[in-house]
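**Q** Protein chains in written order, with the working numbering: chain A, 3 to 174; chain B, 3 to 174.
Keep in mind the hints are simulated off the structure, nothing from the lab. Every value quoted in this text rests on a predicted model; they were computed, and no experiment measured them. One or more hints might be untrue.
Note that the list lumps identical chains together, so a pair holds whenever it fits in one copy or between two copies.
As the list claims (entries may be wrong) - When the alpha-carbon atoms are kept at most 27 Å apart in a straight line, the in silico DSSO-like pairs for lysine-lysine are as follows: (1) Lys100 / Lys63; (2) Lys100 / Lys16; (3) Lys136 / Lys63; (4) Lys53 / Lys63; (5) Lys100 / Lys85; (6) Lys53 / Lys70; (7) Lys85 / Lys70; (8) Lys136 / Lys93; (9) Lys125 / Lys98.
Letter by letter, the chains look like this.
There are 2 protein chains.
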Amino acid sequence: MKDVDRGLPLEDMKNFSLKELLGMAIKAEIGAANFYSSLAENMDIEALRDKIEFLAGEERKHEAFLRKLYAQMFPGEEVVFPKEHIGPELKPVAEKLKEIEDVIDLYRWAMEAEKIANEFYLKLEDMVEDDAKKRLMRSLADMESSHYFTLRADYELLLDWDMYSQMMHVGP
Amino acid sequence: MKDVDRGLPLEDMKNFSLKELLGMAIKAEIGAANFYSSLAENMDIEALRDKIEFLAGEERKHEAFLRKLYAQMFPGEEVVFPKEHIGPELKPVAEKLKEIEDVIDLYRWAMEAEKIANEFYLKLEDMVEDDAKKRLMRSLADMESSHYFTLRADYELLLDWDMYSQMMHVGP
């Protein structure tokens, strides 16, 4: 995971149009959804899998949401995906994760991606003009914060997995 | 909702034993789960219902988790529920919510409850002694933060529900 592209520095957002930034947002949501789906498929930790699948579903909803916003703002125009990426570009997980360290590593990157997504939407809030769109951006920013804390809660437990799995399997 | 009991001030936690505080935590998780289940049942907003049901499921997992911890720490002892309550005591929703304002009101209280639950677990982190238990408390605190932001994201949209529902139903 050391070769993850860290993505567009947020201070460079000002060099892009709102249309380009929405394109990047849609691309990032698609990437995140694919990443989470592939992570859930390739992770043998049942207690965490449901949550990761839930996150994948959330990101797909964000994608649909942003596509509707795009269609509203730029009627009849196809979504263009700029080559730049918001935050670390998480590639789909291609094989079964055997070591807990690999899972920990991916959680760390996913947390970083969610944190940057939160900041990105807050910056978009400043850029859009009407109150309704500002509200939507704040809501998306909060969603990404929620994902960040969901991941961090399990990340904390992953760091001492023996204890946690013992805890989870103690009867009754 | 104006008569909600605001619960035990967190600075008074020091007057209770760890056993009593764990009892309060379990009681609060049961209350939160019942509240969210009843809210989901009585709310006609499909886009939000899944998330509220998800939260109910999460709180039930926390309850099970805390019961295991209690059984580990106080083997063979039944859980005692003190009369005090952590944060606002949310009563189950008893009838269909017809006005969006009522839903907004309940979200506001639920957000307050999640915020206090987060602070409560962080204080418990200071009170428990070994690293494994501190880790668990941090993880629970993060979970409650995640719930807080999940609620806040939808709360933001509820405040301008006409716009949001229009947005959600725009084709394709």
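**Q** Can you give me the call for Lys125 and Lys98, within, between, both or neither, at a CA distance of at most 27 Å?
**A** Neither: 36 Å inside a copy, 38 Å across copies.
**Q** Please sort Lys100 with Lys85 into within, between, both or neither, judging by C-alpha distance up to 27 Å.
**A** neither (32 Å within a copy, 47 Å between copies)
**Q** Within, between, both or neither: how does the pair Lys53, Lys70 come out at a Cα-Cα threshold of 27 Å?
**A** Both. Shortest intra-copy (26 Å) and inter-copy (21 Å) distances satisfy the 27 Å Cα cut-off.
**Q** Can you tell me if Lys53 and Lys63 fall within 27 Å by alpha carbon in one copy, between copies, both or neither?
**A** Both: 15 Å inside a copy, 12 Å across copies.
**Q** Checking an output row: Lys100 and Lys63, CA cutoff 27 Å. Within, between, both or neither?
**A** between (30 Å within a copy, 26 Å between copies)
**Q** Can you give me the call for Lys136 and Lys63, within, between, both or neither, at a CA distance of at most 27 Å?
**A** within (18 Å within a copy, 35 Å between copies)
**Q** Give the relationship of Lys85 and Lys70 under a CA distance limit of 27 Å: within one copy only, between copies only, both, or neither.
**A** within (21 Å within a copy, 49 Å between copies)
**Q** 27 Å Cα cut-off: does Lys100 pair with Lys16 within a copy, between copies, both or neither?
**A** Cα proximity of Lys100 and Lys16: none, with 42 Å in one copy and 44 Å across.
**Q** Go through the copies and call it for Lys136 and Lys93: within, between, both or neither, with a Cα cutoff of 27 Å.
**A** Neither way: Lys136 and Lys93 sit 30 Å apart in one copy and 33 Å across, limit 27 Å.
Hint compliance for this structure: hints 2, 5, 8 and 9 are broken, all remaining hints hold.
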